[in-house]
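There are 2 protein chains.
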Amino acid sequence: MLSKERLIEFSDDARKNYLDHISIDCVVFGFHGGQMKVLLLKTPDEEKWYLPGGFVLKQEPIDDAATRILQERTGLDKIFLQQFRVFGDPDRSKFHNDLYRDMLPAGENWFSGRFLSIGYYALVDFFDVNPQPDQFSELCAWRDLDDMPELQLDHELIFKSALDTLRLQLNYQPIGYNLMPKDFTMPELQKLYETILDKKLDRRNFQRRVLAFGILTRADKPRKGGAHKAPYLYSFDLENYTNALTEGFKGGW
Amino acid sequence: MLSKERLIEFSDDARKNYLDHISIDCVVFGFHGGQMKVLLLKTPDEEKWYLPGGFVLKQEPIDDAATRILQERTGLDKIFLQQFRVFGDPDRSKFHNDLYRDMLPAGENWFSGRFLSIGYYALVDFFDVNPQPDQFSELCAWRDLDDMPELQLDHELIFKSALDTLRLQLNYQPIGYNLMPKDFTMPELQKLYETILDKKLDRRNFQRRVLAFGILTRADKPRKGGAHKAPYLYSFDLENYTNALTEGFKGGW
Chain U
519 MLSKERLIEF SDDARKNYLD HISIDCVVFG FHGGQMKVLL LKTPDEEKWY
569 LPGGFVLKQE PIDDAATRIL QERTGLDKIF LQQFRVFGDP DRSKFHNDLY
619 RDMLPAGENW FSGRFLSIGY YALVDFFDVN PQPDQFSELC AWRDLDDMPE
669 LQLDHELIFK SALDTLRLQL NYQPIGYNLM PKDFTMPELQ KLYETILDKK
719 LDRRNFQRRV LAFGILTRAD KPRKGGAHKA PYLYSFDLEN YTNALTEGFK
769 GGW
Chain E
519 MLSKERLIEF SDDARKNYLD HISIDCVVFG FHGGQMKVLL LKTPDEEKWY
569 LPGGFVLKQE PIDDAATRIL QERTGLDKIF LQQFRVFGDP DRSKFHNDLY
619 RDMLPAGENW FSGRFLSIGY YALVDFFDVN PQPDQFSELC AWRDLDDMPE
669 LQLDHELIFK SALDTLRLQL NYQPIGYNLM PKDFTMPELQ KLYETILDKK
719 LDRRNFQRRV LAFGILTRAD KPRKGGAHKA PYLYSFDLEN YTNALTEGFK
769 GGW
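Here the protein sequences come in this chain order: U and E.
If you use this note's numbering, the first sequence corresponds to residues 519 to 771, in order.
If you use this note's numbering, the second sequence corresponds to residues 519 to 771, in order.
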């Protein structure tokens with residue numbers, strides 16, 4: 519909890535710099551070798567954890583704001599964030615409004631109002647990044663999806679909604695370019711999908727379907743090594759991959 | 519263009535009632551028998567057309583605001599609108615800001631600020647609804663997708679983005695419950711998809727794919743009639759249809 523002096527200072531700064539009533543929250547999923555995590559913050563004096571979030575500068579495009587906020591709060595740089603939904607329940611900030619109500623009259627307290635939050639999400643390799651907590655946070659950490667702490671405000675809803683969006687995305691957009699090595703086997707790619715979906719997939723169906731997307735190139739020769747039956751190696755066809763990001767899959771309609 | 523008196527009146531009312539900096543724009547697509555249209559408004563003194571839009575009351579949930587705005591501006595009632603994206607370019611309202619700048623100082627003019635617009639879309643049967651222009655509009659009309667007028671502000675971008683979303687949606691969510699008769703043939707359903715996508719689809723692939731979604735029930739007997747080979751009739755399995763709306767298709771991963 520902020521002291522009254524810091525609250526006044528932050529409130530005055532915020533009123534000068536940020537658009538009223540708008541916040542951004544970022545859900546960053548991390549994948550590596552069959553594990554899936556999400557990036558969360560914790561302040562020193564509250565038990566619950568937060569999604570990294572912040573506000574939009576008065577003349578800042580919202581996508582730029584999302585990137586800046588994630589960088590400032592977690593140290594993560596150059597992350598491609600996708601907008602997925604606005605959270606607009608009138609009482610979603612009630613916990614914080616109540617917390618600071620007695621410290622500063624509503625007219626002086628910029629944070630006392632209603633905030634709509636624009637949700638952004640990303641999927642990164644958690645070995646490639648080094649999260650750093652900001653000045654408000656004691657911890658900035660990857661938490662396992664099957665061992666989630668309690669979340670503040672409506673951040674549980676925002677997190678779940680991002681996960682639903684990511685899982686739906688597997689049906690209509692390519693995924694994995696920043697998560698797989700340059701060359702990979704079909705079982706390695708299948709592991710990525712299984713981890714996101716949290717379920718086993720049929721090997722033949724997976725292969726048939728993912729090949730129909732038209733975003734993979736198969737190497738001429740199987741991977742070298744001692745195995746009796748060496749697996750074929752695949753890589754992403756970047757042109758088709760990029761087209762499918764904007765236009766959906768060839769294997770679509 | 520508003521008179522100065524009306525601008526002052528609207529500006530004062532708006533400041534009292536609405537959240538600053540937030541607007542909502544609705545893209546309502548209409549389908550009927552192989553035709554696809556979009557619902558637009560036109561004011562008496564501007565050449566360009568608008569998407570129906572408006573503002574969010576200070577304590578109103580945003581989905582409720584979208585429904586109310588659409589009703590007030592077009593007369594369309596009980597339409598299921600889906601949020602799809604926020605449009606947050608800092609200069610997106612520049613045309614209107616400039617238009618009214620000389621009439622009223624920015625401090626007194628609520629409309630002079632930056633607005634983020636939350637886009638909502640819907641797909642309805644255009645024979646089921648009767649659009650009515652509001653007090654600001656001269657026309658409220660269904661316009662053909664292949665004969666679109668010029669649109670004001672960034673409404674062309676919002677419209678195109680809604681159309682992309684609708685087309686992508688065909689890959690991961692069911693569509694058509696409110697557009698098809700209770701019983702329909704496979705070619706009738708295919709026509710809906712072809713109209714939305716604006717392209718011909720292969721008959722066999724369409725049938726195979728749409729059946730794999732698991733949302734259709736086939737009637738025991740073909741449709742009665744004089745035809746040599748009567749087509750089978752299908753209807754939506756509402757339970758599976760509703761599940762697929764939230765969880766994606768069975769035929770997904």
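Be aware that one or more of the hints could be misleading.
[Stated by the list, open to error] Dumping the calculated EDC-like pairs for lysine to aspartate or glutamate here, alpha-carbon to alpha-carbon at most 20 Å: (1) E:560 <-> E:626; (2) U:596 <-> U:616; (3) U:576 <-> E:626; (4) U:576 <-> E:538; (5) U:566 <-> U:720; (6) E:555 <-> E:626; (7) U:534 <-> E:652; (8) E:534 <-> U:538; (9) U:576 <-> E:652.
Note that these hints are calculated values from the structure, not bench results.
Hint-by-hint comparison with the structure:
no.	hint	result
1	E:560 <-> E:626	26 Å, violated
2	U:596 <-> U:616	35 Å, violated
3	U:576 <-> E:626	18 Å, holds
4	U:576 <-> E:538	12 Å, holds
5	U:566 <-> U:720	38 Å, violated
6	E:555 <-> E:626	39 Å, violated
7	U:534 <-> E:652	37 Å, violated
8	E:534 <-> U:538	15 Å, holds
9	U:576 <-> E:652	32 Å, violated
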